[in-house]
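Visitor: The residues making up each chain are set out below.
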Amino acid sequence: MVENRPFLTFLTHAFLILGFVIVALPVYVAIMASTHDISTLMSGPVPLLPGSHFIENYSTILTSASAAHGLPNYSHMALNSLVMALAITVGKICISILSAFAIVYFRFPFRLLAFWIIFVTLMLPVEVRIMPTYKIVADLGMLNSWAGLTIPLIASATATFLFRQFFMTVPDELLEAARVDGAGPLKFFRDILLPLSRTNIGALCVILFIYGWVQYLWPLLVTTDPGYYTLMMGMKRMVTVQDGVIEWHLVMAGSVLAMLPPILVVVFMQRLFIRGLTETEK
Amino acid sequence: MAGIHIAEVSKVYAGGVKAVNSVSIDIADGEFIVLVGPSGCGKSTLLRMVAGLETISGGEVKIADRVVNNVEPADRDIAMVFQNYALYPHMTVYNNLAYGLKNRGTPKAEIDARVTEAARMLEITQYLDRKPRALSGGQRQRVAMGRAIVRKPAAFLFDEPLSNLDAKLRVSMRGEIKRLQRRLGTTSIYVTHDQLEAMTLADRLVVLNGGRIEQIGAPLEVYHAPASTFVASFIGSPAMNLVKGELHGDKLAIGPSVIGLNGFAPASGTVTVGVRAEDIRIARADEEALPFRLEYAEELGAQRLIHGTVGDQQITAAVSPELELAPEMQIAIDASRLHFFAVDTGKRLPGNVPAEAKLAPVEPVA
Numbered sequence: 001m002v003e004n005r006p007f008l009t010f011l012t013h014a015f016l017i018l019g020f021v022i023v024a025l026p027v028y029v030a031i032m033a034s035t036h037d038i039s040t041l042m043s044g045p046v047p048l049l050p051g052s053h054f055i056e057n058y059s060t061i062l063t064s065a066s067a068a069h070g071l072p073n074y075s076h077m078a079l080n081s082l083v084m085a086l087a088i089t090v091g092k093i094c095i096s097i098l099s100a101f102a103i104v105y106f107r108f109p110f111r112l113l114a115f116w117i118i119f120v121t122l123m124l125p126v127e128v129r130i131m132p133t134y135k136i137v138a139d140l141g142m143l144n145s146w147a148g149l150t151i152p153l154i155a156s157a158t159a160t161f162l163f164r165q166f167f168m169t170v171p172d173e174l175l176e177a178a179r180v181d182g183a184g185p186l187k188f189f190r191d192i193l194l195p196l197s198r199t200n201i202g203a204l205c206v207i208l209f210i211y212g213w214v215q216y217l218w219p220l221l222v223t224t225d226p227g228y229y230t231l232m233m234g235m236k237r238m239v240t241v242q243d244g245v246i247e248w249h250l251v252m253a254g255s256v257l258a259m260l261p262p263i264l265v266v267v268f269m270q271r272l273f274i275r276g277l278t279e280t281e282k
Numbered sequence: 001m002a003g004i005h006i007a008e009v010s011k012v013y014a015g016g017v018k019a020v021n022s023v024s025i026d027i028a029d030g031e032f033i034v035l036v037g038p039s040g041c042g043k044s045t046l047l048r049m050v051a052g053l054e055t056i057s058g059g060e061v062k063i064a065d066r067v068v069n070n071v072e073p074a075d076r077d078i079a080m081v082f083q084n085y086a087l088y089p090h091m092t093v094y095n096n097l098a099y100g101l102k103n104r105g106t107p108k109a110e111i112d113a114r115v116t117e118a119a120r121m122l123e124i125t126q127y128l129d130r131k132p133r134a135l136s137g138g139q140r141q142r143v144a145m146g147r148a149i150v151r152k153p154a155a156f157l158f159d160e161p162l163s164n165l166d167a168k169l170r171v172s173m174r175g176e177i178k179r180l181q182r183r184l185g186t187t188s189i190y191v192t193h194d195q196l197e198a199m200t201l202a203d204r205l206v207v208l209n210g211g212r213i214e215q216i217g218a219p220l221e222v223y224h225a226p227a228s229t230f231v232a233s234f235i236g237s238p239a240m241n242l243v244k245g246e247l248h249g250d251k252l253a254i255g256p257s258v259i260g261l262n263g264f265a266p267a268s269g270t271v272t273v274g275v276r277a278e279d280i281r282i283a284r285a286d287e288e289a290l291p292f293r294l295e296y297a298e299e300l301g302a303q304r305l306i307h308g309t310v311g312d313q314q315i316t317a318a319v320s321p322e323l324e325l326a327p328e329m330q331i332a333i334d335a336s337r338l339h340f341f342a343v344d345t346g347k348r349l350p351g352n353v354p355a356e357a358k359l360a361p362v363e364p365v366a
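Protein sequences, first through last, are from chains A and B. The numbering of the first sequence is the numbering used here, which starts it at 1 and goes up by one. The numbering of the second sequence is the numbering used here, which starts it at 1 and goes up by one.
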């Protein structure tokens, strides 16, 4: 709509700002809470202005706070989260782009069935199929291992489905031209399909990295060894203390820090991300 | 350089649909063949079978005396130009041209030489570093042609390469394709639904309908002696007038009017009579004429098309724009200019073949 009415402009901005405030307020509160000491937080509502314990809280959480809860170091957990998120991202993209390639470009028996089986898993989130998945991982002896942490999360259909949809928009003539030009299937995949999928891969990287980063339930189930603890689990453990006071100021500081990597990924990949979701390069 | 021999080739799709039905064409080395027909006539399917992009259900395709039925497209020594150009969007023009050569392991220096030469020939040298996205339709078309040329294949296959261009560009690219093909002397098969393109480009054109060949011949042969009512109405613009007529001895009755045939009558009884718009003229006062009721006129500049009826049948005539129009006119047709077709099969009845149809095709200046 191209309209120039001051009232409408005001109204749309009012809605935008309202929406932004609703979404951003909890994050703001968390940031503010991470700058106060525990007694301020326990004595009443969370103050909406910054306090004076910023440096103290953040250095505590980065150095000593987690050890008090029997957790590994904050940076260790952050590294675990990072490894897990990256493994899931890379694994998912590799698997799904290859399976989408197979489904779209090859005629093999039960091709449609294969697609539908993959598609059906879309209907079931990890949480729903967590029991059988856990059983399989346990039977394979993959508890407390990187494989157990990442492989079950890698197998999912979303990315396969997205790549399939993208491949179907690639004109057939491109494949035919490549065939006439003497490119076999893998060459076609490497030289033409992969470069064309660049923006889609970028967008998926962002989504999948965040997906992997915020995983909570699955790591909680398959790891008992604190060496594999991720940030999300660590934060949760700091909240569930048996007796005594929950150290909200430190939890909030930890949470704010944990938000940074996904934000950085989004900021730096934003250009690719938006192009991947909105534009199909032909 | 090589000839292409298509022998009783058929394409049957799942479900028994026959897209191409036992088609045979012998294409000589260096010949420019145009496959023309309405959409769904099987012309593209036939081309794609020659290219190796469709499997051949029956028959044999030979390129340079080698049966290629089960040979991969890349190994058939052909190059193809696609309707939507099918340029690799992420590669520069240079890489688009070089890709096929690279895949064949051509030495780098030779790739460079060939690409440079093709680019010069097509006048796209200054665009070699650009991506296809930054090119206009005509330039993309040239790049697509260039990709075919650099390979120096035994045959070019064109699949409606000009249909995405605007009318003016189409005419100039058409000339360029012809010029290039003459210069390189490469055997070419060109698919189009545009009869004008077919007429202007072809050494011989193949009119296809419903998966079968209606007629093969030089453009003028097909124009002046169409083998069937289908060809008659498909080739030429405006389409040939086809009306019901009745032959009585040496007389032809069209509606209520009768004209003499001076011995040109090929049969007797009911026939379909064909006459080109330009073969109709205004009758002199002293000759047998058909009453023509004018409906409307179209100006073409050099010509004027007048549309109307004779009896209850539609007729279009091409006349001089100087001619004064009247609601009722008398038109005449030379008997030697009439075409007769069987009513039931639509096939041409044996009889007169206009002298022009036997003209030798214009030999190109090498």
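Source of the hints: derived by calculation from the structure; they are not laboratory data. From the three backbone atoms N, C-alpha and C, an ideal C-beta is built for every residue, glycine too. Keep in mind that a hint or two might mislead.
Said to hold, decoys possible - Taking lysine to any residue pairs in the SDA-like style, the calculated list, with each CA pair at most 25 Å apart, reads:
1. Lys251/B <-> Pro350/B
2. Lys152/B <-> Ser59/A
3. Lys152/B <-> Val128/A
Unchecked claim - Going by beta-carbon spacing under 8 Å, a handful of chain A positions derived as facing chain B:
4. Arg107
5. Asp181
6. Pro185
7. Asp225
Visitor: Now look at each hint and say whether the structure bears it out.
Guide: We went through each hint and held it up to the structure:
{"no.": "1", "hint": "Lys251/B <-> Pro350/B", "verdict": "holds, 17 Å"}
{"no.": "2", "hint": "Lys152/B <-> Ser59/A", "verdict": "violated, 70 Å"}
{"no.": "3", "hint": "Lys152/B <-> Val128/A", "verdict": "violated, 60 Å"}
{"no.": "4", "hint": "Arg107", "verdict": "violated, 11 Å"}
{"no.": "5", "hint": "Asp181", "verdict": "holds, 4 Å"}
{"no.": "6", "hint": "Pro185", "verdict": "violated, 11 Å"}
{"no.": "7", "hint": "Asp225", "verdict": "violated, 45 Å"}
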